[in-house]
Amino acid sequence: MNEKKKDIRYVGVKENLLFGLANAGQCFSYNMFTGSYLSLFFVKVFGIPPGAVATMLLVLGIWDTVNDPIMGGIVDKTHTRYGKLRPYLLFVPIPLAISTILFWGGPLLLQNTRELTVKIVYMYLSYLLWEFFYTLGDVPYWSMSAAMSPSPSDRTRAIATARFLSGFVGGIATVVMLPVMIDLSNTHKIGWSLREVFAFCGAISAVFIIGLFSLAGLFVKERVIQQVEETSFFDAFRFIGKNKPLLLIILSNVLGTVSSIAGVFGAFYYTEVLNLMSWSSLVSLVGGLGGLVGMMTIVLIKKHFDNRQLTIINKVVPAILGTLAFFCGIRRYDVWYVVIPIIAVKNLLCGVFDAYNSVVSTEMIGDTVDYMEWKTGMRNEGMAFSVLTFVGKMQGRLSTSLGTALLPLIGYFVTEQTLPDGTVETVSNCTEAFGQPTQFWLWAFFTVIPAVTGLLAIIPYHFYELKGDRLAEIRAEMKVRREASADETNGGVTVERG
Amino acid sequence: MKEDKSCPNCGKKLSLFYLKQNCPACGVDLLHYDMEGRLERDAQKAAKEVEALWRVLRRADKARLIEKYYQKKGKPFPWEDADAAEPPSAQEQEDQCP
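Chains as they are written, first to last, in my numbering: chain A, 1 to 498; chain B, 499 to 596.
You may find that some hints are simply not true.
[Claimed, not checked] Partial pick of chain A residues on the chain B-facing surface, computed with a CB cut under 7 Å:
no., residue
1, Arg9
2, Tyr10
3, Gly12
4, Val13
5, His79
6, Thr80
In short, the hints are calculated from the structure, not lab data.
Note that the Cβ used here is the ideal one computed from N, Cα and C, for glycine as well.
Bound conformation, chain B alone:
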């Protein structure tokens, strides 16, 4: 709820009970404002969380079962995917199938 406290365009403070979709000061559409930018930030945040989760799982997996499984299957380790997770570029987002 943190990001709901002010207008992302003009910075005007908004009551939590202010429900209208447009900012009372600048009229910006608060729900859809900078949607692509927000999606990009959400994707970065999600990638970081996945990376942190894999780090925890690797540490917990003392018998290295995950590693052995992926080696046996000849697949890249999932944490390598997470490590390599770059914030998606606009081109990547375009290529993504919704």
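Next up, chain A with everything else stripped away, as it sits in the complex:
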């Protein structure tokens, strides 16, 4: 195989852009569900005790471990004239939008309910519903990045565009819309309670899902020939066990879970220590600039480092930056003009490496799909990418659950008080723990602790072998096999399914 030879491009500029915009619409909604705001929403807005929230996130996190691979298996068993992924992308946006509105509108719908049980039941049901439809769209979406073209450079471009656009357009939800709306509500600049703010933001998310996420199903095509043989549903599960590189990626992500608690403590740090959520917008925008630089330089960087090396670098650099940030702000972590520049610089640099990581991690899953096709003759995008989505969600749930459970341990408590109009308001209190004020622990869990524990994720990559020449050999061999497969299916007349 000649590595220098230019790849043929099958995915045009428009299709690439539409694929990216679809992810932007999806992420606009998803970002609201990630660690930073979910905990705040349940505890402070819905008035559910942290213990119950942590339990729910853990229980549904376990459900996710089953849910995603099942969805991946179903996708791999789907055979339609649109492909195995597109039907889901066409159908899912509408129910996903409805479940998003129901989820964020919960506190508004139940604002006069004092029954904690009713609130908890609603929390479980609405979250389960949203989670179901999100998985139904997310697994096929990322599987599409490997199925939309046989060309590796097309895949890199598609993933980079999707990650870039989702970082910017998708980031509007958590970087601009929510923090600004929360501040406007808290400072009584708008006459909305936090319940109304979250319900409004949920409705906006639903609009983005319908308007943008639908684009993937409408305009993106599948171009990789799928195997003709039928596989059983359980074969798809066995597939994960045989796929050693994929197992190593899963293990690495599991080990790196604790590093994600930074998001949970970040939200509490901005609201409880700096008393202004909008600061998070500013520093996230700086992080977005770093992300832009990362996306622009990813092709250049990939000339010097393979995916495995880049992944290791992406773990080491944030650990160093997180530690430096912690010590730079250790004495003045409650003074905004000291910590905001520190966090901004850290975010700028981390943003570059986050951008590399987001592209490389998705590409590596695509590599494991090719690897399994080479090893077993079966191509299981659905199952492989369900692992990517499962790991991402599991990290989010576990870290949010862990972070929320840690809140009382560091001296953070919430109490309820009834206002004269009969509505119930939640009030938070910061005390101290282990001889340090709660604010100090919020700073530590926001910076140094997640950064250093994230280094554990490097260990599995020591055993990861899908790199350099070996990967090139696999791809070359796959080229020959796919030609044979194309001959078998070309014309299609001889290949009839029942």
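Got chain A; can you put chain B on it based on the hints?
Just chain B now, with coordinates in the frame of chain A:
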């Protein structure tokens, strides 16, 4: 979705909600029908779009920064690549590494 409206082999009109992989009239595999030909057409379309994009970028780049950069690096201009983009032949597709 335009190309999804009829069978590419027999021309039978298909409802958007007809999901089966084979044409109800001629039995052809609708997903994989003429895959190589479709890839070739997609490659031509993609090449045209890239060419159009570079044309827009050249027009927008009043200071000729792109041109200067590529001259300095001694590399061919990217629009020359795009201009020269011929539809890939079957041989080229064979040489391509998937």
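Here is what the structure says about each hint:
Taken as an interface hint, A:Arg9 checks out: its beta carbon lies about 5 Å from the nearest beta carbon of chain B, inside 7 Å. Proximity of A:Tyr10 to chain B holds as hinted, the smallest CB-CB distance being about 5 Å (cut-off 7 Å). Look at A:Gly12: its Cβ gets to within about 4 Å of chain B, closer than 7 Å, so that hint holds up. Taking 7 Å as the C-beta contact cut-off toward chain B, the hint placing A:Val13 at the interface holds, the least distance being around 4 Å.
With a least beta-carbon distance of about 5 Å to chain B, the hint placing A:His79 at the interface is held under the 7 Å criterion. With its C-beta approaching chain B no nearer than about 4 Å, A:Thr80 sits inside the 7 Å limit, and its interface hint holds.
Checked against the numbered hints above, the structure violates none of them.
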